[in-house]
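In order, the protein sequence lines correspond to chains A and B.
Read in order, the letters of the first sequence correspond to residues 1 to 171 in the working numbering.
Read in order, the letters of the second sequence correspond to residues 1 to 131 in the working numbering.
Hints are computed from structural coordinates only; laboratory data are not their basis.
If you're wondering where the values come from, they're calculated on a predicted model, not measured in any experiment.
Heads up, some of the hints might be wrong.
Claimed, not checked - Partial selection, computed: residues in chain B whose CB lies under 8 Å from chain A:
(1) Ile13
(2) Lys15
(3) Pro16
(4) Asp18
(5) Val23
(6) Phe25
(7) Thr33
(8) Thr56
(9) Tyr57
(10) Ile78
(11) Leu120
Where a beta carbon is used, it is the ideal one built from N, C-alpha and C, also for glycine.
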Amino acid sequence: MTLSTINISDRDHQIAKLSAIAVALSLIEFFFPSPIPGVKPGIANIIILYTIFKFDLRMGIWVSIIRVFVTSIILGSFLSPTFFLSLSGALFSLLSLIIFKNLSPKYFSLISFSLIASLAHIVGQFVIVRLWIIPHNGIFYLLPIFILSAFIFGLVNALVTNRLLQLNPKK
Amino acid sequence: MILIRKILQSFKIIKPGDWLIIVLFCALIIISTKFLWNLPQGEYLEIYKNNEILGTYSLNQKITKIINGAKGDTTIIIDNGKVRFASAPCAKKYCIHQGWINKANQIIICIPNKISISILGAKTNYDSINY
Chain A
1 MTLSTINISD
11 RDHQIAKLSA
21 IAVALSLIEF
31 FFPSPIPGVK
41 PGIANIIILY
51 TIFKFDLRMG
61 IWVSIIRVFV
71 TSIILGSFLS
81 PTFFLSLSGA
91 LFSLLSLIIF
101 KNLSPKYFSL
111 ISFSLIASLA
121 HIVGQFVIVR
131 LWIIPHNGIF
141 YLLPIFILSA
151 FIFGLVNALV
161 TNRLLQLNPK
171 K
Chain B
1 MILIRKILQS
11 FKIIKPGDWL
21 IIVLFCALII
31 ISTKFLWNLP
41 QGEYLEIYKN
51 NEILGTYSLN
61 QKITKIINGA
71 KGDTTIIIDN
81 GKVRFASAPC
91 AKKYCIHQGW
101 INKANQIIIC
111 IPNKISISIL
121 GAKTNYDSIN
131 Y
């Protein structure tokens, strides 16, 4: 029987480390009380933004998807509506980053990427909620609050990521 | 003080394209608030007993209705466009403490007595949750 080996590259190690930090931040955020249900600071997105800007978009996609799956498994909400909510938010924001990744860095810093991604995140979550979880037009009543929180936390996360990138310059 | 300094520091990072996105975002916030938080004045009142419609009443009158629920009598007062629970046999009286409601799609429910009221606008109401 021949021995088959999986070659683990440095890139895999990097993805694993970053995903671990992202999962840890997700768990901390889960236990942090929030005044309005559903409004979360999304601090794990700091790691994902950091990954995208220090390394590349592919690694960011890996970290984001791994984060969603691992967090839901740890919290016991795998395949529950919460998981699908989280997954759809992550997929929509990654999709928006793929669409907009060619924006020139001379005019658009990571702040606009963060804002675009956070807007896409809540849009993705509202799509899933409207189509499946609460099929009632009344939920759009909550949209202004979520747009405002996406704006504020998108900005805050972008500034924190910027600071992180300053401390760990691209090699 | 440090917070203000941090905010001023952050302004150096923001580039012209970012300002465009920020302005668009703020415009989105204002537009969504204007369009989605503007519930129209209600026209009709629906009273539900045990989740079935007991009756539909116009809001433009001044009457008092007494409905017999699971635990006792509930008094509902309609007063020219607004409506409230005046008395109920429940323990916590949350329904009464809600006060007046007058906009479409607003509801007050009294769970112990199984009575609830819902305001309809001039346009057809959207159906509730259906799985």
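Going through the hints against the structure:
For B/Ile13, the interface hint holds, since its Cβ comes within 8 Å of a Cβ in chain A; the closest pair sits about 6 Å apart. Annotation: interface hint on B/Lys15 holds; nearest CB of chain A at approximately 5 Å, less than 8 Å. Among the interface hints, the one on B/Pro16 holds; its C-beta lies about 5 Å from the nearest C-beta in chain A, closer than the 8 Å criterion. Using the Cβ-Cβ criterion of 8 Å, the hint placing B/Asp18 at the interface with chain A is satisfied: the shortest such distance is roughly 5 Å.
For the restraint placing B/Val23 at the interface with chain A, the shortest Cβ-Cβ distance is roughly 11 Å, beyond the 8 Å limit, so the hint is violated. Below 8 Å, beta-carbon pairs count as interface contacts, and B/Phe25 has one with chain A at about 5 Å; its hint therefore holds. Annotation: interface hint on B/Thr33 holds; nearest CB of chain A at approximately 5 Å, less than 8 Å. Violation of the interface hint for B/Thr56 is found here, the shortest Cβ-Cβ separation to chain A being roughly 19 Å, above the 8 Å cut-off.
The interface hint given for B/Tyr57 is violated, since its Cβ lies 22 Å from the closest Cβ of chain A, which is over the 8 Å cut-off. Below 8 Å, beta-carbon pairs count as interface contacts, and B/Ile78 has none with chain A, the closest being about 23 Å; its hint is therefore violated. Taking 8 Å as the C-beta cut-off, the interface hint given for B/Leu120 is violated, the closest approach to chain A being about 13 Å.
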